[in-house]
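Visitor: Chain by chain, the residues:
There are 2 protein chains.
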Amino acid sequence: MLPFARVAIIGLGLIGSSIARAVRQEMPTVRLSGHDADPAVRARATAIDLLHDIADTPGAAVLDADLVILCVPVGAMASVAEQIAADLPADAIVSDVGSSKAGIAAALAAALPGQTVVPAHPVAGTENSGPDAGFATLFHGRWCILTPAGDADPAAVMRVSTFWEKLGADIEIMDARHHDLVLAVTSHLPHLIAYTIVGTASDLEEVTQGEVIKYSAGGFRDFTRIAASDPTMWRDVFLSNKEAVLEMLQRFSEDLTALQRAIRWGDGDALFDLFTRTRAIRRSIIEQGQDDARTDFGRSHD
Amino acid sequence: MLPFARVAIIGLGLIGSSIARAVRQEMPTVRLSGHDADPAVRARATAIDLLHDIADTPGAAVLDADLVILCVPVGAMASVAEQIAADLPADAIVSDVGSSKAGIAAALAAALPGQTVVPAHPVAGTENSGPDAGFATLFHGRWCILTPAGDADPAAVMRVSTFWEKLGADIEIMDARHHDLVLAVTSHLPHLIAYTIVGTASDLEEVTQGEVIKYSAGGFRDFTRIAASDPTMWRDVFLSNKEAVLEMLQRFSEDLTALQRAIRWGDGDALFDLFTRTRAIRRSIIEQGQDDARTDFGRSHD
Numbered sequence: 002m003l004p005f006a007r008v009a010i011i012g013l014g015l016i017g018s019s020i021a022r023a024v025r026q027e028m029p030t031v032r033l034s035g036h037d038a039d040p041a042v043r044a045r046a047t048a049i050d051l052l053h054d055i056a057d058t059p060g061a062a063v064l065d066a067d068l069v070i071l072c073v074p075v076g077a078m079a080s081v082a083e084q085i086a087a088d089l090p091a092d093a094i095v096s097d098v099g100s101s102k103a104g105i106a107a108a109l110a111a112a113l114p115g116q117t118v119v120p121a122h123p124v125a126g127t128e129n130s131g132p133d134a135g136f137a138t139l140f141h142g143r144w145c146i147l148t149p150a151g152d153a154d155p156a157a158v159m160r161v162s163t164f165w166e167k168l169g170a171d172i173e174i175m176d177a178r179h180h181d182l183v184l185a186v187t188s189h190l191p192h193l194i195a196y197t198i199v200g201t202a203s204d205l206e207e208v209t210q211g212e213v214i215k216y217s218a219g220g221f222r223d224f225t226r227i228a229a230s231d232p233t234m235w236r237d238v239f240l241s242n243k244e245a246v247l248e249m250l251q252r253f254s255e256d257l258t259a260l261q262r263a264i265r266w267g268d269g270d271a272l273f274d275l276f277t278r279t280r281a282i283r284r285s286i287i288e289q290g291q292d293d294a295r296t297d298f299g300r301s302h303d
Numbered sequence: 002m003l004p005f006a007r008v009a010i011i012g013l014g015l016i017g018s019s020i021a022r023a024v025r026q027e028m029p030t031v032r033l034s035g036h037d038a039d040p041a042v043r044a045r046a047t048a049i050d051l052l053h054d055i056a057d058t059p060g061a062a063v064l065d066a067d068l069v070i071l072c073v074p075v076g077a078m079a080s081v082a083e084q085i086a087a088d089l090p091a092d093a094i095v096s097d098v099g100s101s102k103a104g105i106a107a108a109l110a111a112a113l114p115g116q117t118v119v120p121a122h123p124v125a126g127t128e129n130s131g132p133d134a135g136f137a138t139l140f141h142g143r144w145c146i147l148t149p150a151g152d153a154d155p156a157a158v159m160r161v162s163t164f165w166e167k168l169g170a171d172i173e174i175m176d177a178r179h180h181d182l183v184l185a186v187t188s189h190l191p192h193l194i195a196y197t198i199v200g201t202a203s204d205l206e207e208v209t210q211g212e213v214i215k216y217s218a219g220g221f222r223d224f225t226r227i228a229a230s231d232p233t234m235w236r237d238v239f240l241s242n243k244e245a246v247l248e249m250l251q252r253f254s255e256d257l258t259a260l261q262r263a264i265r266w267g268d269g270d271a272l273f274d275l276f277t278r279t280r281a282i283r284r285s286i287i288e289q290g291q292d293d294a295r296t297d298f299g300r301s302h303d
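For the record, the sequence lines run as chains A and B.
Read left to right, the first sequence gives residues 2 to 303 (our numbering).
Read left to right, the second sequence gives residues 2 to 303 (our numbering).
Hints were generated in silico from the structure; no laboratory data involved.
Hints may contain errors.
The list cannot tell twin chains apart, which means a pair is met if one copy fits it or any two copies do.
[Claimed, not checked] Simulated pairs of lysine to aspartate or glutamate, DMTMM-like, Cα-Cα distance not exceeding 25 angstroms:
1. K243 x D270
2. K243 x E255
3. K215 x D303
4. K243 x E173
5. K215 x E128
6. K215 x D297
On a predicted model such as this, the values are computed, not experimentally measured, just so you know.
Chain A with its partners taken away, still in its complex shape:
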């Protein structure tokens, strides 16, 4: 039995369009409607037949939905919620896919009083953006974290869980604040660091940008992938999860200072100890199926 019959997707970028494709594949009888604020994206979504109905307004997209998923940048969630409020069926469940959760939960509760809201965060993505970047298997084997409020309807949480399981995800239920702390370290800080180092490398005087690009296979290129992620999405993530990100950044800076000191004073044992310890983490990630087990992420070496 399907958890929902009519799903509305607001925001048709990488995640929204991946959900649409996955629903078409895994739950082909579900009716899909949706909207994107960008007319060019709506036109493209129409051209590739992403949904059954592409509406000109968010409100028109949700008119008869039983699940509405907001797939817009975190900073746009409140505004989109306000735009759908008048048209939303009373029994529709509202969810989202935002990378920070406490702020969104508050914004959705304020904009949609009385509505059943089950926030979600599928921990999955690529460096690409837009409706063409999505694909049906994006959520396979990835975790989808639900952060329902303490008084949330268990039946609604169950339905959203089942929906994501059908898209191939594993489900975890978590407190929104704890989610924001966990993701600050596993996702937000890595993106911030990657953006920073790519910026640093492109601003040097002694080393040209051409040299940085040419010799990037020494390690730098790894960071450029996540530093190519959607700028609007990530700006909003950092602003909305400010406290947790700043806390993790503080920890990172302290550890970096300690390592800097070890290099300056030639403390090879301190370096060796850390470098040995970090190897084990990689092994665990592979063992738990959270990364490609092939060497070098499976990059081709022909």
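Fit chain B to the given chain A structure using the hints.
Guide: Using the frame of chain A, we list chain B on its own:
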């Protein structure tokens, strides 16, 4: 015509064993000898028939070589050079594959007075170590940087260039000090940052190591790959290229502080501007064939 007839490889890890495999494939008439300080590695190299002769000492491995390539950690270069000095044929060319060059050049010149030395750095690798980690195509399409001294014999430089071209690499000649600055930003700083963030993430109290591993697909897992690189090799790189690494680290820290400030004060425009700029670098790297053009490094998404 082949640039060398008898090649000795000292150090049979990822790079040394990849050179051996590539030589066997591309220059099958070349006689390969070699040595590794670790008896277990020598035994394994013998078992997989990596070389024609595996000697019990570095000196015995180089006795009749016309090219000797030192593939040991940077900190072991001087000692290995001293160990081969007495047995080295007078006309043999000595090269290496170290990730920092100015210090090695000085160490080799001191240990091998009068010998022709052409230092090299193939900018290629994976997160794996040891004789089984190597493969023949590792250097395909990668840059190999040669850093000969100003008074180096041009014919010797040409022969080493030809050797690396036959292994599939593109050649660049560079001053050793400039090399060390360029690689500090394209390779050493990224590794240092990756090691640090993986250490930070595994030392938190509020977020468990299990959670870090579980939700690593949010970005963190990318950093764990290079943080799984060989600890001895990387300890030595940081200690030997101390000045350039500390300079790049200083730049990075300044930029990170600026970004931290932008987050704290909610300066979304500053974040958005940087995040937009960094996208272009990724595109250039792909266009120049220095990374896999496929989404997500080509990771499988089944």
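Visitor: Checking K243 and E173: alpha-carbon separation at most 25 angstroms within a copy, between copies, both or neither?
Guide: Result: close within a single copy only, 23 angstroms intra versus 44 angstroms inter.
Visitor: Could you place K215 and D297 in one of the four classes (within, between, both, neither) given a Cα distance threshold of 25 angstroms?
Guide: Both ways: K215 and D297 sit 19 angstroms apart in one copy and 20 angstroms across, limit 25 angstroms.
Visitor: At most 25 angstroms between CA atoms: does that hold for K215 and E128 within a copy, between copies, both, or neither?
Guide: For K215 and E128, both the intra-copy (21 angstroms) and inter-copy (20 angstroms) Cα distances are at most 25 angstroms.
Visitor: What label fits K215 with D303 when the C-alpha limit is 25 angstroms: within, between, both, or neither?
Guide: within (18 angstroms within a copy, 32 angstroms between copies)
Visitor: Could you place K243 and D270 in one of the four classes (within, between, both, neither) given a Cα distance threshold of 25 angstroms?
Guide: between (35 angstroms within a copy, 15 angstroms between copies)
Visitor: What label fits K243 with E255 when the C-alpha limit is 25 angstroms: within, between, both, or neither?
Guide: both (18 angstroms within a copy, 19 angstroms between copies)
In this structure, every one of the numbered hints holds.
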